[in-house]
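Chemist: Each chain, letter by letter, is given below.
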Amino acid sequence: MLEYSFEGFIREDGTVGIRNHIGIICSVVCSSVVAKEISDKVPGTVPFVHGNGCAQLGDDFKLTKNMLVGISSNPNLHSALLVGLGCETNQISGLLESIPDTKPVKGIGIQQMAGGENTIKKGVEIAEQWAREAAGQERQRMPLSSLTVGILTADLDEDSLFKVAPVIGEAVDRLVHNGANVIMGLSKTLEPAGGLLSERSAREEVKNRLRVMGEGLQRKRWKEISTEAPAYQGFSEKERSQAVLEAEMTGTSPIKSLLGYSEIPAERGVHLITVPGNIVEALSNMASSGCNIVMIVSSRGVLTGSAALPCMTITPKNQDDYFDELVDFRVGEGEVSDQAEAVIADLLEICSGKQTSLEKLELGEFSIPHIGTTF
Amino acid sequence: MKTFEGYRRANGSIGVRNHVIVINTVGELAGLTKKMAQLVPGVIPVAHQAGKAQYPEDLEQTIRTLRGTAGHPNVSAALFLGMGEGDPAEEIVSALKKDGHHVHAITFQKGQSISVVLNEGKLWLEKAMERSRNEQKETADITELTIGLECGGSDAWSGITANPAIGVCSDAVVRDGGTSILAETTEAIGAEHILANRAVNPGVGEKFLKIVKDYEMRIRDTGEDIRSANPTPGNMAGGLTTLEEKSLGCIKKGGNSPLMEVVAYAQKPAEKGFIFMDTPGYDVESVAGLAAGGAQIVLFSTGKGSPTGSPIVPVIKIGTNPKLYEIMSEHIDVNAGKIIDGLNTIEEIGEEIYRKVIEAANGVPTAAEKHNNQEFAIWRLAETI
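Chains as they are written, first to last, in our numbering: chain E, 3 to 377; chain P, 1187 to 1571.
None of the hints are false.
So the derived list for chain E, only partly shown, Cβ under 8 Å to chain P, looks like this: (1) G53; (2) C56; (3) T91; (4) Q113; (5) P278; (6) N280; (7) I281; (8) V282; (9) V304; (10) D326; (11) G374.
In short, the hints are calculated from the structure, not lab data. None of these values were measured; they are calculated from a predicted model. Here a beta-carbon is modelled for each residue, glycine too, at the ideal position from N, C-alpha and C.
Kindly produce the complete structure, drawing on both the sequences and the hints.
Modeler: Spelled out as structure tokens, the structure:
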């Protein structure tokens, strides 16, 4: 077995980033334009703007707060500047208290700074200082045990699954064998394989949850609009057979845990993570759970990436015309082990700084899912 | 009779701005929407993350908002970006075209290259910009104007200065035959009986009480208490103690005119006069709903100071206290704090706001417009599936 490594940026807590972004993060939609303007003025910064942050209650609010804490903590961020309004539910002070002390983090508010102009001026000053520091930091050779790789499937048809899944599965096994963390998005299409996946977990709780999911119990629905839908619904044979193929992408090692929103894995290995049907929100959740990079496995390529994470787009080879400029890796007809090796080689190059297609096109977004309504 | 100079649209409506926008139907295209807008100077991106993985009623509201936004009289032309088969972009565009709007849809299909699509969009937008530059203004009557009423970052002065002054303006607009839409159902809680009593008939009153009650029920169903999020931390720092107190001040924006109609979020009123729209207390989402429902200008009172605007409508900021105006004048159009200092009466500030409305309608940029504050978000009714 080859000794895999990549070149990354080491953070104070020992975690490793593969990018050195300065995050400019709004706490609420009201400061989104100001945050974006700060970012526009300082090269090396990335804006994390979203529509949430106020008039939210209970779990929906906690999710927003946790996701911003998670994004700020992501090792791909060199530093994080939180930009608030002042009167919002999601207070900057609360965010600052919750973000672990692993990197430069500061918070400023428009009301506290007496206006947007002052806030932009102050924000630019802070970000420029950090940008200088970040530019002086050099990449260091790192082992795979400091890497967390996400996998997200998007619009995969059966034919593509058939070609791609064995290669990804083999690559995942090698990554995990070398100490990397792998977090696979628990998409709706993967759910029917819950029974199969449950056999790979040693933990009773994880086993049970996966088994129940595989039986086709519906997710909790918003009751006012779904009264006609049955409470119990099984899966079709086709859904099951596709799910089995999709499950192959998780490789063969034990499933360590089922991660919710913004949950960071407690041990190394293969994990599954909750992903909503909106791809930007799915990627944002992976970022807030500590992923460094995501492999987006698709039949056609996707039109957006993540603001925090390089997204390596992987498709089957025979569809050259499908959003050609979006694809990073095409799985062909060759030996599975050779292709898995090639996937890892490309992945590690991206980790060491090579731009992905989506990065070149500057298509990276951020969004926070809702689990309730705003008020 | 009061008049202003606006842009006459094919469907007879009148715009106070002449925007060319790019708008996406699904979140995956938000990045490309911004990229597309950057290709042609002056084009405004209206990007959002809604449109995918939503429950039916929630999705319906999103689509209604997108349609209302693109079909707004302030919009000269709108380019929709959609994704794949079954995307609503084509359907929205064909409905808007029937109503005489200058709109176009680009739906990404398998096999298309991004550069080709970006180029197609760029060409359409360049022509749309040229077309908009050639559109002439004409004189319109105040009866063709709809204002929306909003407050954000309220303090203890809101209900004493800015909101009653907005109420004076609202009554004057209604008296002159125009339309004024009060929003924010959250901030009617505790004061609903007052507005219900002003309903033009029992049906309207009952409908109003029902949306407020449904609102409270929807919150209770989640096991939460609205009072734990509202008043917000900033409201409390500003001296507000309870939601009821906030609400009593909030509804002052609606003046004393009879309540003619109650409409859903982003729904266009059928009546003229004083209207209520069911929106959340979340400012940016509420303003987006008012705009999508046809308001050409939004009045926005603030006690703590908020820079937010809209990509579609001029937002006029009315500051509630003199200190705010002193430190944050860049975000304030009218200083209602002068009432506290005894320099002006509520009536006089109300008249000043009305003059600002006409000024903004004639094309003078508001504070939010000067700073390009174009925050946009759609009210989400339920979780992302």
